[in-house]
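As they're listed, the protein sequences go chains U and W. For the first sequence, our numbering gives the first residue as 2, with consecutive numbering after it. For the second sequence, our numbering gives the first residue as 32, with consecutive numbering after it.
Among the hints, erroneous ones may be present.
Stated by the list, open to error - Ranges of calculated distance between the beta carbons of each label pair, as one might list FRET restraints:
| hint | chain 1 | residue 1 | chain 2 | residue 2 | range |
| --- | --- | --- | --- | --- | --- |
| 1 | U | G188 | W | G293 | 31 to 39 angstroms |
| 2 | W | S340 | U | V196 | 52 to 60 angstroms |
| 3 | U | D40 | W | G293 | 28 to 36 angstroms |
| 4 | W | P292 | U | Q284 | 57 to 65 angstroms |
| 5 | W | E73 | U | Q277 | 58 to 66 angstroms |
| 6 | U | G88 | W | A68 | 49 to 57 angstroms |
| 7 | W | E51 | U | G24 | 54 to 62 angstroms |
Rather than coming from a laboratory, the hints here were simulated on the basis of the structure. Ideal Cβ placement from N, Cα and C applies to all residues, glycine included.
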Amino acid sequence: MPPEVEGTGAVDPFLPYLATIRGMVDLTPDVKLMGLELDDPAIRDSFDYRPGQFAFVSAFGVGEAPFGLTSVAPRREELEFAIRRVGTVTSALQELEPGDKVGLRGPFGNHFPLEDYRGKNIIIIGGGIGMAPLRPVINTILDRRADYGDMLIINGARSPQDLAFAPEFDTWAQAPRTRLELTVDRGDEGWTGSVDLVPTVVGKLKPSPQNAVAITCGPPIMIRFTLAGLRELGFADHQIVTTLEGKMKCGLGKCARCNVGDKYICQDGPVFSFEQISRFIEQF
Amino acid sequence: MSQFMSGEDLRSWLGNLAQERSLIAPTRSDGLVLFGAVSRAEEIALDYDNTLLSPKGHLFPATDTLFTIERKEGGIELVPASVEGEAAIFGIRPCDALGLRVLDKPFLAEPADALYQQRRARTALIGLSCHKASPECFCTSLGTGPDDPSHVDILLTGAGEGYIVQAVTERGKALLATAPLVEAEVTPPPAPSPTPVPTEDIAEVASSVFDAPYWARLADRCIHCNLCAYVCPVCYCFDIRDHSYMGRMERMRTWESCQSPGFSRIAGGYEPRDTKGARLRQRFYHKLLYMPEQFGVIGCTGCGRCVTSCPVNIDIREVISEMQRLGVSGAS
């Protein structure tokens, strides 16, 4: 629980937990992996989260921003966030070092319903920093490999050096019944893999919709064409799941920044199937 | 028989009230009537139609410190903002009292917004019935009315040389314990009748006219000045950011508006509502469709302030009427 508001018995949902940076690793030229440890041992022990949930990380004095948790809770590792430098908060967070203090509020939102996907073939389609919320899906499935069918991972990025989770590619590719396909928009001299847009690779690999679920996250334009490609392959909208990004400020369904139709992305999402999204009155 | 208080007695009761709790009341300043803290009854304006702004900002301030951030011996300490003492808002109109009831829906939903919750619990509402309806008023079309006591602790209604006093809640009764009330045979003047606006089934109608070209056409003249949201007793969108000044760091909450370009822009630059039409529609739909769906209340109280304030005459009454017309004709 967040700290109590003095004398009221109420808790202040805007007050972050304090956390210490334990790891800060360059993943790409503009993405760093930040590993956090919550300072309060009681909160650290009770902090539980699922793949797809997010939290706000504060750079004190600059602000806070929402990030998908990219670690997996059962591994009892640091709370990890892949932070891409896109604005003032992310730039400030990237300048911090191990030992520095940050704030953390969360976890918020729903999660990928992996318990419903047991026995199914899983297709993971991620572009750029969109792989961050998919990484805990992949690692959860690898940790419970026998529970799931075949897994196909399609990961695209602008260039080879923008493939954020390269240190884990060998582990993923060598896991049983798991296939990893990498693609980039522009190769370089060392690149021997595919040079294609993600939706094109989906079209070439033609994953079967039989007993399958496709989970995708990436830039809106990639998602739009990937969705069209999957539908063409026979995937029904309920078999295609994504995580929506919203300009979330509170995570509590109050600030109304992520309101779309009768939903708040922060509370009703961020994970939605396209069957749900297609029923939104406004298309995001 | 009604409970009655003369104008003179009201001032003396309010003067005493101001000694024991912080009293927020309409005051006249440079010709504008605005809610402000008063320490003496003489500062209170009683002859006004409605205040320029609703008292929303006394529970949900335009700029609010959520907590301060203090660096201590290499560590960080967060000091939550505190709310102290009891308060009363005198002179709140029934429409604005309904507005607070609507704000309760998002802000008191679990987990409750701590600052709003504390301020709301500590603030008594002493309402004042409207003696006339302004041309822009349409409260009776939104479930309240010029003498609606439902959302206040005490309602005063001007009659003759004083006020008929209704103690609505237990808190209201307690506040009136020391009030110089007399039993009197007074008849209140007839309540004014604002011009009705066709709000029947507006949520249902809204879901059928979402794609109408009307929204883009209407928004053509919008200059996204955000005044409509600023004066609205219900608009509650906000921003959160840190403010650092002379070594003092605070996390601040400030009012925001869905009419601002960039309101929904996400990291990487994608802007889901990238036209004025989409943003203007969001404001009306949040009020007329999404809030009814989420909370069972319309996000409008008919106070008419946005009508008065809009520099380009975008008029929610006309919008509601036009939605009804488009909905019926299917001429979207």
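Right, here's what the structure says about each hint:
1. The given range of 31 to 39 angstroms is respected by G188 of chain U and G293 of chain W, whose C-beta atoms sit roughly 35 angstroms from each other.
2. The hint said 52 to 60 angstroms for the Cβ distance between S340 of chain W and V196 of chain U, and at roughly 55 angstroms that hint holds.
3. Distance hint check for D40 of chain U and G293 of chain W: the Cβ-Cβ separation is about 34 angstroms, which falls inside the suggested range of 28 to 36 angstroms.
4. At roughly 19 angstroms, the beta carbons of P292 of chain W and Q284 of chain U sit outside the given window of 57 to 65 angstroms.
5. For E73 of chain W and Q277 of chain U, the Cβ-Cβ distance of about 59 angstroms falls inside the hinted range of 58 to 66 angstroms, so the restraint holds.
6. For G88 of chain U and A68 of chain W, the Cβ-Cβ distance of about 38 angstroms falls outside the hinted range of 49 to 57 angstroms, so the restraint is violated.
7. A C-beta distance of roughly 56 angstroms is found between E51 of chain W and G24 of chain U, which places it inside the suggested range of 54 to 62 angstroms.
Violated hints, listed in ascending order, are 4, 6; each of the other numbered hints is respected by the structure.
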